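K.L.:
These are the residues of each chain, in order.
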Amino acid sequence: MASDTSGGVQVLEACNAELNALLGRLPALRFASLSTVDGRAVLAAGVLTDTAVERIAAVSSSLLALGETFARETAGSTYRHTTITADDGLIVVARVPSSRQRLALAVGCDHGGNLALLLGCALDSAATLTRIVDRVDA
Amino acid sequence: MNSLAVATTTKLVFAGPLGAGKTTAIAAIADVPPVSTEMPLATGAVGDKVSTTVAFDFASVRLDGDTTLFLYGLPGQEHFAFMRPLVLEGALGVVLVLSGADGDTVAQCRYWIRALAEIDATLPLVIGITQTDRNPDFDLAALRRLLRDEGVAAPLFTFDARDREQAAQLVRALLLLLD
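Residue numbers (this note's numbering), protein chains in the order written: chain A, 1 to 138; chain B, 1001 to 1179.
Just so you know, these hints were derived from the structure itself, not from any lab. Remember, predicted model here, so these are calculated numbers, not experimental data. Just so it is clear, CB atoms sit at the ideal spot from N, CA and C, and this is done for glycine as well. Incorrect hints may appear among the rest.
Said to hold, decoys possible - Chain A residues, not near chain B, derived (Cβ > 12 Å throughout):
{"#": "1", "residue": "Gly39"}
{"#": "2", "residue": "Val42"}
{"#": "3", "residue": "Ala127"}
{"#": "4", "residue": "Asp134"}
Claimed, not checked - Here are the in silico distance ranges between beta carbons for each label pair:
{"#": "5", "chain 1": "B", "residue 1": "Gly1103", "chain 2": "A", "residue 2": "Gly112", "range": "28 to 34 Å"}
{"#": "6", "chain 1": "A", "residue 1": "Gly8", "chain 2": "B", "residue 2": "Gly1103", "range": "31 to 37 Å"}
{"#": "7", "chain 1": "A", "residue 1": "Val9", "chain 2": "B", "residue 2": "Pro1085", "range": "53 to 59 Å"}
{"#": "8", "chain 1": "B", "residue 1": "Arg1145", "chain 2": "A", "residue 2": "Ala86", "range": "25 to 31 Å"}
{"#": "9", "chain 1": "A", "residue 1": "Gly120", "chain 2": "B", "residue 2": "Val1106", "range": "37 to 43 Å"}
{"#": "10", "chain 1": "A", "residue 1": "Ile84", "chain 2": "B", "residue 2": "Ala1081", "range": "19 to 25 Å"}
{"#": "11", "chain 1": "A", "residue 1": "Ala86", "chain 2": "B", "residue 2": "Asp1137", "range": "25 to 31 Å"}
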């Protein structure tokens, strides 16, 4: 994501604000990661180390690509999102369908969250991020 | 105890750095177009490359009878190193693909043979070097010296990853090591 122009900085700041606002929507949310589809971290919110941010970005990319491939290979269809249920929480990886840049959003919550709310928040945020990156008024 | 009868399969993995030709080689050998997890490079094109593998490539080749060769390709970029032990699980051998066009083929070779050995030091290995025609200073002897210094006994080839027969020759060489 371009950050060497004032416009690019504004987009980054707006995306950062959206990630932080996302975490405020549900008490159970623990992290949100915005990354490129080839696994490079763009932004992250939540209690994450730099190493964790990089690793989440890489794994999100792999999950998104595997999900896209699996949907295409098995159903001849278009991927939407991946959900992961773990012992201590839930994770959603979704595409940010911007026309300017291919991005992935990963959002995780602890065991206090439920999948419907997590998915709703993640997909709403992906839509907001799309509008920001595409510079379309919300 | 009932058990599921499965066809005999042989899993081989293609490893190596970005742009060496792993995905290309697998596609050249495969009976049908491989499963691909390519994504566009966010940093822009690297030479001719505009995309990169972010999970793994997969293709199957039926050798004879019930024997199927499963070919997997690792992503080359370092931030996908976590995929290596996952994809290498159950592999019988590795084709290490390196680019001779890189100015640091020897360093790349050293890095990858050590990285693979950390995961499984017993895996048979064949090394294929692509794009040597793009580097007039390419030195195969330097690679042989490296392998000797590292104590690695691996067949070393130059090949065109786009050529089915040349890519298949590396696989045959690896299969011979398994016998």
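K.L.:
For each hint, tell me whether it holds in the structure or not.
P.N.:
Status of the hints after comparison with the structure:
Not every C-beta of chain B lies more than 12 Å from that of A:Gly39, the closest at about 5 Å, which undercuts listing it as non-interface. A cut-off of 12 Å between C-beta atoms contradicts the statement that A:Val42 is not in contact with chain B; the least separation is 9 Å. Taking the minimum C-beta to C-beta distance to chain B, about 21 Å, the non-interface status of A:Ala127 holds against the 12 Å cut. Annotated as non-interface, A:Asp134 keeps its C-beta farther than 12 Å from every C-beta of chain B; the closest such distance is 17 Å.
B:Gly1103 and A:Gly112 have their C-beta atoms about 53 Å apart, which leaves the hinted 28 to 34 Å range violated. At about 33 Å, the CB distance of A:Gly8 to B:Gly1103 agrees with the hint of 31 to 37 Å. A hinted range of 53 to 59 Å is violated for the C-beta pair A:Val9 and B:Pro1085, which are about 39 Å apart. Range check, B:Arg1145 to A:Ala86: about 48 Å between beta-carbon atoms, so the 25 to 31 Å window is missed.
In this structure the hint that A:Gly120 and B:Val1106 lie 37 to 43 Å apart at CB is violated, the actual value being about 53 Å. Against the hinted window of 19 to 25 Å, the Cβ-Cβ separation of A:Ile84 and B:Ala1081 comes to about 21 Å, which satisfies the hint. Against the hinted window of 25 to 31 Å, the Cβ-Cβ separation of A:Ala86 and B:Asp1137 comes to about 51 Å, which falls outside the hint.
Comparing the model with each earlier hint shows violations of hints 1, 2, 5, 7, 8, 9 and 11; every other hint is respected.
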